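Starting from the known structure of chain R, fit chain B onto it as the hints suggest.
Going down the list, the sequences are from chains R and B. The number in the working numbering is simply the position in the first sequence, starting from 1, with 24 added. The number in the working numbering is simply the position in the second sequence, starting from 1, with 24 added.
No wet-lab data here; the hints were simulated from the structure. Mixed in with the good hints there might be a few duds.
One copy or any two copies: either way a pair holds, since identical chains are not told apart in the list.
[Unchecked claim] Here are the computed lysine-lysine pairs in the DSS-like style, where the Cα-Cα straight-line distance is at most 25 angstroms:
{"no.": "1", "residue 1": "K100", "residue 2": "K195"}
{"no.": "2", "residue 1": "K160", "residue 2": "K134"}
{"no.": "3", "residue 1": "K195", "residue 2": "K134"}
{"no.": "4", "residue 1": "K182", "residue 2": "K134"}
{"no.": "5", "residue 1": "K160", "residue 2": "K182"}
{"no.": "6", "residue 1": "K195", "residue 2": "K106"}
{"no.": "7", "residue 1": "K177", "residue 2": "K106"}
{"no.": "8", "residue 1": "K130", "residue 2": "K100"}
{"no.": "9", "residue 1": "K177", "residue 2": "K130"}
{"no.": "10", "residue 1": "K182", "residue 2": "K130"}
{"no.": "11", "residue 1": "K130", "residue 2": "K195"}
{"no.": "12", "residue 1": "K130", "residue 2": "K160"}
{"no.": "13", "residue 1": "K100", "residue 2": "K134"}
{"no.": "14", "residue 1": "K195", "residue 2": "K177"}
{"no.": "15", "residue 1": "K106", "residue 2": "K182"}
{"no.": "16", "residue 1": "K195", "residue 2": "K182"}
All values derive from a computational prediction rather than experimental measurement.
Protein chains: 2
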Amino acid sequence: MKRNGVIGLPAVAAIAVIIGFTAIASEKTDENSTPIFLTEIPSGYRDFGLIAVSRLTRGDGSSQLRAELGNDIAIKAYREGKLPFPDGAIVAALHWNELSSPDNDKVLAKGFPGVGIQSFVPGSSVNMQFMVKDSKNYAVTGGWGFGDFTNGKPGNEKLMQTCFACHVPAKDHDFVFTRYAP
Amino acid sequence: MKRNGVIGLPAVAAIAVIIGFTAIASEKTDENSTPIFLTEIPSGYRDFGLIAVSRLTRGDGSSQLRAELGNDIAIKAYREGKLPFPDGAIVAALHWNELSSPDNDKVLAKGFPGVGIQSFVPGSSVNMQFMVKDSKNYAVTGGWGFGDFTNGKPGNEKLMQTCFACHVPAKDHDFVFTRYAP
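If we strip away everything but chain R, and leave its shape as in the complex, we get (with noise of 0.2 angstroms):
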């Protein structure tokens, strides 16, 4: 089954060749024998060290809660600064729902009355994204396999394409754009 049809993607393409991806991205065209995207969740994300927090709203009012997690590879080159992120390097982005909590907003009204606190805390997962750094089996992606899973199952190819497009503004922070929280 051919996987790495990076180059069929307009979007990608676009890019490539706009930051010089083209002869990379050319060359893995002719091997089809390994998936450039990740089919399987990195194991042990869930006890990673945390890189940082954040949250995504959209227009129509929804907000999503998220960790950015990184294996010890990658929690070692944020603190030393060290970019590219070496080769074995996971980083991990766990999105939930965001769900007020009235249960927390009683306690804080009482704890700190008239300062008019919401709380808010994650619900359901809406996906779990990752990016695992092999430099050479996925070289045309900027070095990193890039993974996206809704309860548990692998986006499609079509959609795995996306990841990197969209990634590619974060080139000079080696394609990740989550910085290390202080």
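Positioned in the frame of chain R, the structure of chain B alone reads:
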């Protein structure tokens, strides 16, 4: 220096009476040897595992992004649903001012046009809070030593005495509000 004046604080005393902590509080008042609140940040907290993330907003429109972390003992207890938490468990809560990320917004607008995505990331640290389980030394505050650090410095005694009072409503979950994120 007298540090365990818990029943000298009206709010705490009132709540202690309500939930039946009077006897313990009175007993501990006679011991002045050990601080009953944390005066040092637990070492290695930034390597703790992720319990959950959360967000807090105030009536003035400000927003905090938060991460709750646990040491191995705390994480194990969470996963096994073990209550009360065993001695040695540590829970850390890291609080940051939430910042808008126009850079991320631009990227997301290109990747997901028309969705109106806005991204928020951790800004400066607001404070860090800790709970350290030691059922003997901190019996007067539910077995937990509380700590609150701003710019690395512990809060004063008056602030620290508010911690337990605010956590009393979570008595059925061993005074810990945060639930493990899926």
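We went through each hint and held it up to the structure:
1. K100 - K195: Intra 20 angstroms, inter 38 angstroms, cutoff 25 angstroms: intra-copy only.
2. K160 - K134: neither (57 angstroms within a copy, 28 angstroms between copies)
3. K195 - K134: Close across copies (16 angstroms), not inside one copy (47 angstroms); limit 25 angstroms.
4. K182 - K134: Result: close only across copies, 17 angstroms inter versus 50 angstroms intra.
5. K160 - K182: Within. Shortest intra-copy distance 22 angstroms satisfies the 25 angstroms Cα cut-off; inter-copy 57 angstroms does not.
6. K195 - K106: within (14 angstroms within a copy, 44 angstroms between copies)
7. K177 - K106: neither (32 angstroms within a copy, 30 angstroms between copies)
8. K130 - K100: Classified as neither: same-chain Cα gap 40 angstroms, cross-chain 29 angstroms, threshold 25 angstroms.
9. K177 - K130: Classified as neither; 38 angstroms inside a copy, 29 angstroms across copies.
10. K182 - K130: between (45 angstroms within a copy, 22 angstroms between copies)
11. K130 - K195: between (45 angstroms within a copy, 15 angstroms between copies)
12. K130 - K160: Neither. Shortest intra-copy (53 angstroms) and inter-copy (30 angstroms) distances fail the 25 angstroms Cα cut-off.
13. K100 - K134: For K100 and K134, neither the intra-copy (41 angstroms) nor the inter-copy (31 angstroms) Cα distance is at most 25 angstroms.
14. K195 - K177: The answer is neither: 28 angstroms in one copy and 38 angstroms across copies each exceed 25 angstroms.
15. K106 - K182: neither (32 angstroms within a copy, 43 angstroms between copies)
16. K195 - K182: Result: close within a single copy only, 22 angstroms intra versus 49 angstroms inter.
Hint violations for this structure: numbers 2, 7, 8, 9, 12, 13, 14, 15, all remaining hints satisfied.
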